[in-house]
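Undergrad: Sequence:
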Amino acid sequence: MASREVSTMIKQGFISDPTLSLSFSPSRTTLSSRPYSPSSSPPPPPPPTESARPSHNNPTLFEMMSEEALRGSKTIEESRKKTQRRVAKFLTELKAYSFKNGGLGLSDVKLTVVSRDGYRVAMDVHRRVLSEKSRFFAEKLSQRREKGVSHTVEISECDDVEVYVETVVLMYCDDLKKRLIGENVTKVLALLKVSAAIMFDAGISSCLEYLEAVPWSEDEEEKVVSHLSQLELDGSMTEVLQRVSSEPSTSARSDGILLNLLSGVLQAKDDKARREMKTLFSRLLREDSFDDDNRFDVSKDTLYHLCHRCLSSLVLCLSEATAIDGSRRDRGVLMAEIAREADNLQWIVDILIEKRMANDFVKLWADQRELAELHSKIPTMYRHEISRITAQLCIAIGRGNILVGKESRFSLLATWLEALYDDFGWMRRASKSVDKKLVEDGLSHTILTLSMRQQQAILLKWFDRFLNKGDDCPNIQRAFEVWWRRAFIRQYTDAEDSSQLQITHTESTTPRCADNDLLKIKQDPLRIEAEEGDQLCK
Numbered sequence: 001m002a003s004r005e006v007s008t009m010i011k012q013g014f015i016s017d018p019t020l021s022l023s024f025s026p027s028r029t030t031l032s033s034r035p036y037s038p039s040s041s042p043p044p045p046p047p048p049t050e051s052a053r054p055s056h057n058n059p060t061l062f063e064m065m066s067e068e069a070l071r072g073s074k075t076i077e078e079s080r081k082k083t084q085r086r087v088a089k090f091l092t093e094l095k096a097y098s099f100k101n102g103g104l105g106l107s108d109v110k111l112t113v114v115s116r117d118g119y120r121v122a123m124d125v126h127r128r129v130l131s132e133k134s135r136f137f138a139e140k141l142s143q144r145r146e147k148g149v150s151h152t153v154e155i156s157e158c159d160d161v162e163v164y165v166e167t168v169v170l171m172y173c174d175d176l177k178k179r180l181i182g183e184n185v186t187k188v189l190a191l192l193k194v195s196a197a198i199m200f201d202a203g204i205s206s207c208l209e210y211l212e213a214v215p216w217s218e219d220e221e222e223k224v225v226s227h228l229s230q231l232e233l234d235g236s237m238t239e240v241l242q243r244v245s246s247e248p249s250t251s252a253r254s255d256g257i258l259l260n261l262l263s264g265v266l267q268a269k270d271d272k273a274r275r276e277m278k279t280l281f282s283r284l285l286r287e288d289s290f291d292d293d294n295r296f297d298v299s300k301d302t303l304y305h306l307c308h309r310c311l312s313s314l315v316l317c318l319s320e321a322t323a324i325d326g327s328r329r330d331r332g333v334l335m336a337e338i339a340r341e342a343d344n345l346q347w348i349v350d351i352l353i354e355k356r357m358a359n360d361f362v363k364l365w366a367d368q369r370e371l372a373e374l375h376s377k378i379p380t381m382y383r384h385e386i387s388r389i390t391a392q393l394c395i396a397i398g399r400g401n402i403l404v405g406k407e408s409r410f411s412l413l414a415t416w417l418e419a420l421y422d423d424f425g426w427m428r429r430a431s432k433s434v435d436k437k438l439v440e441d442g443l444s445h446t447i448l449t450l451s452m453r454q455q456q457a458i459l460l461k462w463f464d465r466f467l468n469k470g471d472d473c474p475n476i477q478r479a480f481e482v483w484w485r486r487a488f489i490r491q492y493t494d495a496e497d498s499s500q501l502q503i504t505h506t507e508s509t510t511p512r513c514a515d516n517d518l519l520k521i522k523q524d525p526l527r528i529e530a531e532e533g534d535q536l537c538k
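Quick note, the sequence shown lines up with residues 1 to 538 if you use UniProt numbering.
Be aware that a few hints might be false.
[Stated by the list, open to error] For lysine-lysine, the following DSSO-like pairs were computed, each having C-alpha atoms within a straight-line distance of at most 30 Å:
hint	residue 1	residue 2
1	K223	K187
2	K469	K432
3	K82	K100
In short, the hints are calculated from the structure, not lab data.
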């Protein structure tokens, strides 16, 4: 081999550099060991110690791979030793039971259990016990009834030798239910599987009684249902599955249950409990949305029924707030009711958005002109929570989570944008959960989905308000920049036209219509229907 090739292999770690390290040849470790029993062989020699392995600062790739394999061997060996200790404990328990039942006499069956990897455990047991407790062994041993003859039975390719040995021990136990106390669900399911395989009826009954009595975690519940469905134990498992199985439910029955539960949350008197239940239901309904096979889900009719109920309550509360001077109600109580109803509606809207059912709510909210008029007549400190609903919808529209027509989007802003401007400062200061940038981005994206004429009318009015209000007004400069470029730089026309968009704006803070001398717009490509122009002028 050329010296250059050798040098390259040394650099890549396939050959040790003789000047830096000693040669090393890893030894193989035998993994198949046997427990202490009359038929088992002595344990294998221990693996090489740390001192026996080469130690240097620059191990080769082959040495690192060998170290990794050795660590894996150690892990397997430690697991095997733990299994051997537990099996030895069961064999000791088996001898104790055999000694206690002295009438059984000497063992006359040598039962050997062999795992898939060759691990063997041999037990001296009694034919009488096996035949009485297991219909499987009764059938196998019935063919040989000679007295005084020792039989040899071997069960090969077992999934878990330890569980098989413990199941045999259970055959000698007088009180199986007491014996299972303290075991975990996974262990009992494994015992149930083996008991079913060898038709050990007493073991099956005891395992099922245990499973019916103990609580399950969610992971354990899935295991129980899966194991029992695989074992097909007929009617004996019915009692166990009663806690997870229910009668087939109809859609109407499900809606009735959900309507009662959600209504209870909305009407809760304790604020802390109401918040906790809202969080719980939001999580549960979100989980349902990821399961396409789930038969239990909240219907659109149920959610919109709750929306109308919240809207009616808000109109009533705001009507009382406008006549607060002549009302006997406490101002703080009324303020709390408005905030609670607005929060309830925000929660339902969140669910609608999550369920992709919020398109109709955009139109419904845009049509709440009576509510918007009442909103403008009461102090900001009472009403700012209501404007968060508008912010919710703008964020969802900006993200593409709500798909509605241009008319509905413009109608939403025409009804509620001024209220959002007025309440923005209070929203930002009074609620830590309001993300200022998220609201501004959602509003910007929503505005930019409108026609150029609508964008212009909205953004010019925002421009004046922002100069006067500053941080108390949403900062939608990004939308203004995009509109500016669309209008003056990247003009899109269907036909070649050299005309330019010209805007002359006076000191007036209110944009006027095109037929007014204060705002003159000349742009042929940006045509708009007469109805839309009339709506903007109003």
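Undergrad: If a hint holds in the structure, say so; if it does not, say that too.
TA: Cross-check of the supplied hints:
{"no.": "1", "hint": "K223 - K187", "result": "holds, 11 Å"}
{"no.": "2", "hint": "K469 - K432", "result": "holds, 21 Å"}
{"no.": "3", "hint": "K82 - K100", "result": "holds, 27 Å"}
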